[in-house]
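Undergrad: Going down the list, the protein sequences come from chains A and B. Heads up, this note's numbering is the position in the first sequence plus 38, with the first residue counted as 1. Heads up, this note's numbering is the position in the second sequence plus 577, with the first residue counted as 1.
In short, the hints are calculated from the structure, not lab data. There's no promise every hint is true.
Calculated cross-link-like contacts (lysine to aspartate or glutamate; reagent style EDC-like; alpha-carbon spacing at most 20 Å) [said to hold, decoys possible]:
| # | chain 1 | residue 1 | chain 2 | residue 2 |
| --- | --- | --- | --- | --- |
| 1 | B | Lys638 | A | Glu94 |
| 2 | B | Lys614 | B | Asp669 |
| 3 | B | Lys614 | B | Asp675 |
| 4 | B | Lys639 | A | Asp92 |
| 5 | B | Lys602 | A | Glu65 |
| 6 | A | Lys133 | B | Glu588 |
| 7 | B | Lys645 | A | Asp102 |
| 8 | B | Lys650 | A | Glu86 |
| 9 | A | Lys50 | A | Glu115 |
| 10 | B | Lys615 | A | Asp103 |
| 11 | A | Lys179 | B | Asp597 |
| 12 | A | Lys186 | A | Asp174 |
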Amino acid sequence: MYDAASIEERHKPTVTLVNRGFANDTESAARSQGLPGLRYIPAAVPCEASIMADIEAGVDGALDDIIGALTRPLTPEEKSPGGREPEKPARVIFKGSLREVNRFLYQRGWTDGLPIIPPTEEAVAEMLTGTDLPPDHLLGKLQSRMGKATIEKIAIAGVMAGCLPTHMPVLIAGTIDLLESEPGFTGYTTFGFSTGSWAPFWIINGPIRHQINVNSSSGALSPGNIANAAIGRAMGLIVKNIGGVRQGIEDMGVMGNPMKYTSVIAENEEESPWEPLHVEYGFKKEDSTVTLSFPQTYLQHWPYSADAQGVLRAVVDNTPRGMRRTIIFTPPHANNLAREGFGKEDVKKYIAENKLVPASIMRRMQMGRPPLDYGSIPEKDDELVPMIKDRRFIRVIVGGGPGAFIAHCVGGGATPGQKETQQIELPKSWDRLVARYKNVVPTYAKY
Amino acid sequence: MSAEKSGASYEVLSPWSEADPIPLKGLAPRLADLAGKKIGLLCNNKRAASLILSAAERILKKRYPSIKTGWFKANTFSVSALEADRRGEFEDWIKGLDAIVAAVGD
Chain A
39 MYDAASIEER HKPTVTLVNR GFANDTESAA RSQGLPGLRY IPAAVPCEAS IMADIEAGVD
99 GALDDIIGAL TRPLTPEEKS PGGREPEKPA RVIFKGSLRE VNRFLYQRGW TDGLPIIPPT
159 EEAVAEMLTG TDLPPDHLLG KLQSRMGKAT IEKIAIAGVM AGCLPTHMPV LIAGTIDLLE
219 SEPGFTGYTT FGFSTGSWAP FWIINGPIRH QINVNSSSGA LSPGNIANAA IGRAMGLIVK
279 NIGGVRQGIE DMGVMGNPMK YTSVIAENEE ESPWEPLHVE YGFKKEDSTV TLSFPQTYLQ
339 HWPYSADAQG VLRAVVDNTP RGMRRTIIFT PPHANNLARE GFGKEDVKKY IAENKLVPAS
399 IMRRMQMGRP PLDYGSIPEK DDELVPMIKD RRFIRVIVGG GPGAFIAHCV GGGATPGQKE
459 TQQIELPKSW DRLVARYKNV VPTYAKY
Chain B
578 MSAEKSGASY EVLSPWSEAD PIPLKGLAPR LADLAGKKIG LLCNNKRAAS LILSAAERIL
638 KKRYPSIKTG WFKANTFSVS ALEADRRGEF EDWIKGLDAI VAAVGD
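So here's chain A without its partners, still in its complex pose:
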């Protein structure tokens, strides 16, 4: 609809054919472009259809509506839509018991479905101790609603998600990551809303990992640790309540993705033989950073053997199709690879050079779509072609606990190493804050 809007602005009448299921999304997109009356036809053509009989029937049935949308005189409202007042919700929105607050926020579509911590004045004030920025400081306006990403709204999301004030610097850097995401096809504006159900995946590097106890070891991507659980959850609430990206309206993910609840990991820099991700991307080792990508798929497999050949061959064989990927090696695998002379670049090169598929299969996999990262496909069916065209699209990090499994987070997002990593800025009182919250960790009883 963005294109239809820009064409209407050039004084050319348009009509857009969309599947009926996309009516809400279409209207939301039209409103976001200031053209609430933009004409579209919710046609009975199945999404991504390729059966011509279905398409012909759907378009044929919509023909009179198509003609009407281009020729029916404009209504006064379509010619000159009435203005809207600034959307300025009351700051204090509700008062009630824990259960009533939860029900109120849930029924307005402002939670992720799980219970939240009430964002009271007191709780938000405590969260704001995690930054030196004032509550009304505006970081930017977040798509799709162009909602104002103020420090206070970020703190409210943090409280609701269960964050500690020491997580606030990560939430601010993460929000900047969304705001400054690569424009166009590879950034948040596509992967935040797409039918592909891409999930924000946050990698944390630098000293802050230990200061706020972000898990990089056993079960790092499982529930059980506040930082991993609450930071990702808060970022989801920021996307929803500041960006205005709601399930089935703006976020048109077909299947959805459990990684959208939270997906946060720290890199295990201490046990890695390689430079950490943020250093690879130009930051200093003592900097703390957060890196954003948008995987769609999470898969794990074990190696054929513990040596370099066994590890890398298994990675190649298990590598699925995707535009970008993060491969997480455990410290023992990474160290075995390093001992056999494999640096990070060598690992990426090996995977890119060895993940080959016959041209016939590649052709089918592209399903008639223009090449994305794959390049052109040779005519000869049995000619082997690389599935990963550019090894820059592979990220390698070290994490996970004892054991043999290797993980892949495969999907989309920005070009690795460019606009996806943000430095985390710490408040002046950081050491005092860390001392106050560092011991908020689970202590498991032996049984």
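Let chain A serve as the given structure and place chain B on it in line with the hints.
TA: For chain B alone, kept in the frame of chain A given last:
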């Protein structure tokens, strides 16, 4: 005693962000008739998009034999990206048209 029974009450701040009003714009004037007009067909690269427009082109030409059509196919799923990458080409394409039918494949 639970918080519910103790009557604990929470006054909560709104998580929903403020947003500036978006200036609202009117639609382009409509055509009196499609006969003899040049209709643009704009699609992204989702599989169904160009097929839908091919069908629309055939059916429209059957109804209005005098119309002409011109295509613009984006290279990505997100048509809006094309304005940055192929802006000049896009602008030139629009100039020669009377109206546009778009499809995005979803």
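Undergrad: Run every hint past the structure and note whether it holds.
TA: Hint-by-hint comparison with the structure:
no.	hint	in the structure
1	Lys638(B) x Glu94(A)	holds (14 Å)
2	Lys614(B) x Asp669(B)	holds (17 Å)
3	Lys614(B) x Asp675(B)	holds (6 Å)
4	Lys639(B) x Asp92(A)	holds (19 Å)
5	Lys602(B) x Glu65(A)	holds (14 Å)
6	Lys133(A) x Glu588(B)	holds (4 Å)
7	Lys645(B) x Asp102(A)	holds (18 Å)
8	Lys650(B) x Glu86(A)	holds (16 Å)
9	Lys50(A) x Glu115(A)	holds (18 Å)
10	Lys615(B) x Asp103(A)	holds (18 Å)
11	Lys179(A) x Asp597(B)	holds (9 Å)
12	Lys186(A) x Asp174(A)	holds (10 Å)
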